[in-house]
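Below are the chains, spelled out letter by letter.
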Amino acid sequence: MRTYTNKKNVQAKPYYTDRFWKAPQVAKYEVESDEVFAADLAAIKAKFPVSDAFIQVEQMTVWINASDIYGVLELMRDELAYTQLSEMSAIDFIEQRDEFEIFYQMLSMTKRKRIRIKYTIKNGQAVDSVEKLFRSADWSEREMFDMFGIEANAHPFMKRILMPYDWQGYPLLKTYPLQGDEFAAWYEVDKIYGKEAREEIGPEIRDTSTIDRYDSERFAKLGHEVPKGTEITGDEPKNEQNYQEEGGVFLIKKFDKDSSKVIDDPQR
Amino acid sequence: MAQHKVNYTQDGGLPVALTSIDKIVNWGRSNSIWALTYGLACCGIEMMASGASRYDFDRFGTIFRASPRQADVMIVAGTLTKKHAEFIKRLYDQMTEPRWVISMGSCANTGGMFNTYATVQGVDRIIPVDLYLPGCAPRPETLQYGVMLLQKKIRANKAGNAQKPKRLM
Amino acid sequence: MAQVKNRLSPFFENITFDREDNELILNFGPQHPSAHGQLRLMLHLQQEQIVKAHPDVGYLHRGMEKMAENMIYNEFMPTTDRMDYIASSSNNYGFALAVEKLVGLEVPRRAKVIRMMLLEINRLMSHLFWLATTALDIGAMTIFLFAFREREYLMDIIEGYCGARLTHAAIRIGGVPLDIQDTFISQLKTFLDKLPQNIKDYEDLLDQNRIWLMRMEEVGEISTEMALSWGCTGPMLRASGVKWDIRKEEPYELYDEVEFDVPWSDKGDNYARYRIYMQEMRESAKILYQTIDMYDECVKKGETELMAHSPQYISAPKLDIMTQNYSLMQHFVLVTQGMRPPVGEVYVATESPKGELGFFINSQGGAYPYRLKLRAPSFWHTGILTDLLPGHYIPDVVSIIGTTNIVFGEVDR
Chain A
0 MRTYTNKKNV
10 QAKPYYTDRF
20 WKAPQVAKYE
30 VESDEVFAAD
40 LAAIKAKFPV
50 SDAFIQVEQM
60 TVWINASDIY
70 GVLELMRDEL
80 AYTQLSEMSA
90 IDFIEQRDEF
100 EIFYQMLSMT
110 KRKRIRIKYT
120 IKNGQAVDSV
130 EKLFRSADWS
140 EREMFDMFGI
150 EANAHPFMKR
160 ILMPYDWQGY
170 PLLKTYPLQG
180 DEFAAWYEVD
190 KIYGKEAREE
200 IGPEIRDTST
210 IDRYDSERFA
220 KLGHEVPKGT
230 EITGDEPKNE
240 QNYQEEGGVF
250 LIKKFDKDSS
260 KVIDDPQR
Chain B
0 MAQHKVNYTQ
10 DGGLPVALTS
20 IDKIVNWGRS
30 NSIWALTYGL
40 ACCGIEMMAS
50 GASRYDFDRF
60 GTIFRASPRQ
70 ADVMIVAGTL
80 TKKHAEFIKR
90 LYDQMTEPRW
100 VISMGSCANT
110 GGMFNTYATV
120 QGVDRIIPVD
130 LYLPGCAPRP
140 ETLQYGVMLL
150 QKKIRANKAG
160 NAQKPKRLM
Chain C
0 MAQVKNRLSP
10 FFENITFDRE
20 DNELILNFGP
30 QHPSAHGQLR
40 LMLHLQQEQI
50 VKAHPDVGYL
60 HRGMEKMAEN
70 MIYNEFMPTT
80 DRMDYIASSS
90 NNYGFALAVE
100 KLVGLEVPRR
110 AKVIRMMLLE
120 INRLMSHLFW
130 LATTALDIGA
140 MTIFLFAFRE
150 REYLMDIIEG
160 YCGARLTHAA
170 IRIGGVPLDI
180 QDTFISQLKT
190 FLDKLPQNIK
200 DYEDLLDQNR
210 IWLMRMEEVG
220 EISTEMALSW
230 GCTGPMLRAS
240 GVKWDIRKEE
250 PYELYDEVEF
260 DVPWSDKGDN
270 YARYRIYMQE
280 MRESAKILYQ
290 TIDMYDECVK
300 KGETELMAHS
310 PQYISAPKLD
320 IMTQNYSLMQ
330 HFVLVTQGMR
340 PPVGEVYVAT
350 ESPKGELGFF
360 INSQGGAYPY
370 RLKLRAPSFW
380 HTGILTDLLP
390 GHYIPDVVSI
400 IGTTNIVFGE
410 VDR
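Chains as they are written, first to last, in numbering that gives the first Met the number 0: chain A, 0 to 267; chain B, 0 to 168; chain C, 0 to 412.
Any given hint might turn out to be false.
To be verified - Ranges between beta-carbon positions, derived for each pair: (1) Leu177/C x Thr232/A: 28 to 38 Å; (2) Tyr69/A x Asp295/C: 52 to 62 Å; (3) Phe59/B x Leu212/C: 28 to 38 Å; (4) Asp255/C x Arg18/A: 26 to 36 Å; (5) Ser258/A x Val332/C: 50 to 60 Å; (6) Glu195/A x Asp92/B: 15 to 25 Å; (7) Glu29/A x Asp206/C: 47 to 57 Å; (8) Asp264/A x Asp255/C: 31 to 41 Å; (9) Phe59/B x Asp255/C: 48 to 58 Å; (10) Asp295/C x Thr232/A: 49 to 59 Å; (11) Gly390/C x Asp189/A: 39 to 49 Å; (12) Tyr242/A x Asn6/B: 26 to 36 Å.
As the list claims (entries may be wrong) - What the simulated footprint calls covered on chain A by chain C, stretch by stretch (three residues with Cβ under 8 Å from a Cβ of chain C suffice, anywhere in the stretch; the number is not a length): (13) 36–45; (14) 60–67; (15) 110–119; (16) 186–198.
Quick caveat, the hints were computed from the structure, so don't treat them as lab data.
C-beta atoms are modelled at their ideal positions from N, C-alpha and C, and glycine is treated no differently.
With the hints as extra help, turn the sequences into a complete structure.
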């Protein structure tokens with residue numbers, strides 16, 4: 000019988016999990032405990048519905064509806080002085096809830112505060128582009144599309160950014176294996192030499208413990224390596240590091256190790 | 000005008016040397032290895048350091064060239080990604096023969112620590128490699144020793160023979 | 000043999016010439032000696048003037064975020080080295096700080112001082128490297144050799160500490176693994192005493208240099224709005240008239256205890272950025288002198304702790320592991336299964352030499368991060384080229400790429 004593999008999440012799993020272990024939570028605080036955040040949240044709440052808001056590790060997280068994102072960021076930029084969009088991306092929760100969480104990391108330089116705006120979208124849904132408000136979202140949204148396949152509406156150039164244009168698959172999805180699928184494994188061979196070269200070039204060696212039969216033994220002990228298969232007695236002669244051939248090189252003076260000068264003082 | 004006395008009887012004093020064509024051609028090739036700067040990632044910084052003040056690569060006749068047409072050896076320094084793979088093949092094809100390739104650092108040798116979807120698992124899947132330098136990143140001394148080994152390799156070859164296609168893994 | 004022939008089509012799209020509007024498309028990269036890595040630029044030209052620029056990145060995308068999701072937290076530390084490989088410890092530190100904030104660790108003071116020393120040495124290394132490469136691109140070979148000479152001395156110090164020149168992995172989650180070596184302080188002092196004269200040498204060569212000024216002044220001007228909108232940080236933002244340094248504004252470690260200035264300018268051009276980098280080197284030296292005093296104080300007070308005490312997350316010191324059973328068991332669990340931070344999210348920004356280096360971690364309580372987003376400053380500093388290059392001429396491209404100080408390990412991650 001084949002062992003069960005979870006197709007929805009192919010990421011590495013810890014080999015041991017404690018069934019009775021319950022993960023603690025990072026402490027969440029009421030927004031009212033911070034004046035600046037409370038005022039900001041009130042300003043957002045006045046115009047847009049907010050489903051949840053709390054302070055976690057000195058930063059406020061605000062949960063909004065997906066359709067409000069443009070309005071919320073516009074309000075934050077123009078009225079609340081959150082002038083920079085530091086970062087935005089998605090988190091894959093397809094396995095659990097068939098949805099993505101999208102986060103926008105905002106920074107106010109006058110208030111010295113950071114707010115994280117979050118919302119969820121269903122798998123296959125698109126987000127509203129905020130590229131008109133923050134140019135930095137231009138590349139962020141492209142990266143999000145590249146990594147998760149989430150498109151941004153009204154984005155001027157919705158193409159892959161990090162992976163090649165002809166790439167298949169979205170690497171940061173939990174369904175995508177770390178070492179890539181078959182398309183990824185043969186991408187460069189197919190592109191450069193064509194599919195018929197696969198056989199000649201052979202599959203990728205991804206097992207880190209693979210040893211070629213030509214490899215030497217004790218290659219960590221510099222100067223004392225021996226060919227594979229040699230019986231190691233422990234007192235093999237030292238393989239001198241030679242820069243030149245034994246017989247000398249035409250027109251070049253033989254390098255003499257004894258006459259070379261070793262500089263001890265690193266601050267010379 | 001400076002006057003100097005040349006002692007013709009001493010070693011190297013004679014203005015005439017007798018040798019074979021092989022030796023003189025290999026002497027020329029091995030002592031002016033011009034490298035194509037192929038700095039891809041971290042190892043590229045160490046490659047630059049080996050060309051800079053302390054390690055001073057010029058004294059081995061190794062000068063970094065930016066054009067593949069002027070280079071003899073391609074030092075692939077850093078991670079080769081799948082997106083970049085076609086360009087390394089293009090640039091290798093543009094180099095004139097005889098040409099050699101040094102794969103510098105774990106990433107270029109085997110993919111190294113980046114055992115992921117985006118990296119080519121060893122540059123020898125794309126182009127034939129003459130020398131593999133271990134390390135992440137290899138020190139400039141490693142690169143210099145590698146170039147000296149390459150010199151030895153060049154001198155061991157027959158100069159007149161065309162380069163045979165090398166084994167590709 | 001396969002490697003003799005290939006199926007790549009001739010690269011004629013490289014240069015096209017459209018007769019109707021006289022527009023030339025020039026491909027720059029991805030392997031270009033003055034692109035500071037694997038940057039590819041598609042430039043639309045009218046004669047020599049750029050009308051449209053399209054930077055193409057991703058040629059060094061190695062899937063670090065994906066790797067992080069398949070690793071325990073401590074395992075990911077060496078990978079962060081390869082992000083901004085010019086200043087590795089600053090990446091180590093950013094990640095360590097993010098995890099420490101997530102699990103709520105307090106790092107001992109002596110470790111904090113050592114971390115600050117490493118961070119500032121890395122900043123100096125990065126700035127010297129920036130100066131070397133930018134000057135080389137512009138044609139000042141002497142500066143390249145001078146700046147590399149000084150950088151090698153710093154590398155000696157770092158190498159003595161952690162054994163590596165480039166990829167340090169010198170900072171651990173919860174502190175630092177080792178105390179600094181005996182020669183560290185004396186070597187550092189020797190270096191720092193020479194540094195002002197060295198910086199003055201560079202400035203003597205460059206400040207009034209006609210070529211340098213013509214390539215730098217009023218080239219690549221970034222307005223404040225543009226810098227903010229593109230998410231620029233670090234020297235790029237400070238050169239555009241925003242005095243924002245995370246070390247000063249949201250102090251981490253012991254940066255609130257040291258005296259230093261934040262150089263800034265409202266010019267926004269290449270020359271302003273150059274001046275800021277030079278000034279920041281002086282400020283780093285100032286901080287390093289103060290950290291030496293702080294370290295001496297720690298030694299005097301007899302504070303020897305280097306790692307935070309938190310058996311749930313951090314292994315005990317080596318002596319305890321070797322002598323006490325419980326510590327050994329804890330160490331075994333932490334190494335094989337990894338620490339399990341609480342469920343939650345954290346975004347921590349630190350001032351790396353390039354700008355704001357942020358780590359966003361979403362933890363679901365497991366031993367592997369559920370999502371790790373690396374906010375690398377260079378990513379947006381490359382993006383700004385889209386808006387910055389149009390209007391400039393081809394030779395300006397090189398100097399603009401130089402002063403934006405982009406590193407592709409960080410851009411593509």
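TODO: Could you check the hint for me, namely that Phe59/B and Asp255/C are 48 to 58 Å apart, CB to CB?
DONE: The hint (48 to 58 Å, Cβ to Cβ) holds, given that Phe59/B and Asp255/C are roughly 50 Å apart.
Open item on the list: I want to verify a distance hint. Is the separation of the beta carbons of Gly390/C and Asp189/A within 39 to 49 Å?
Closed with: This hint holds: roughly 41 Å between Cβ atoms.
Task: Coverage of the region 36–45 of chain A by chain C, judged on three or more residues with CB within 8 Å - done: With 0 residues close enough to chain C, the hint is violated.
Open item on the list: Please check whether Asp295/C and Thr232/A have a Cβ separation lying inside 49 to 59 Å.
Closed with: 52 Å, holds
Task: Range hint compliance [Cβ, Glu195/A to Asp92/B, 15 to 25 Å] - done: 19 Å, holds
Task: Range hint 50 to 60 Å (beta carbons of Ser258/A and Val332/C) holds or violated - done: Given range 50 to 60 Å: holds, Cβ gap about 56 Å.
Task: Hint check for Leu212/C and Phe59/B - Cβ pair distance inside 28 to 38 Å - done: Holds: the Cβ-Cβ distance is about 37 Å, inside 28 to 38 Å.
Open item on the list: Just to make sure I understand the rule, a stretch counts as covered if three or more of its residues have a C-beta closer than 8 Å to a C-beta of the chain. Does the region 186–198 of chain A meet that for chain C?
Closed with: With 5 residues close enough to chain C, the hint holds.
Task: C-beta pair Tyr242/A, Asn6/B: status relative to the range 26 to 36 Å that was hinted - done: 28 Å, holds
Open item on the list: Against the range 26 to 36 Å, how does the distance between the Cβ atoms of Asp255/C and Arg18/A compare: consistent or not?
Closed with: Since the Cβ atoms of Asp255/C and Arg18/A sit about 45 Å apart, the hinted range of 26 to 36 Å is violated.
- [ ] Could you say whether the range 28 to 38 Å given as a hint is met by the Cβ separation of Leu177/C and Thr232/A?
- [x] Because 36 Å falls inside the window, the suggested range holds.
Open item on the list: Please check whether the region 60–67 of chain A has three or more residues whose CB lies within less than 8 Å of a CB on chain C.
Closed with: Violated: only 1 residues of the region 60–67 of chain A have a Cβ under 8 Å from chain C.
Violated hints, listed in ascending order, are 4, 13, 14; each of the other numbered hints is respected by the structure.
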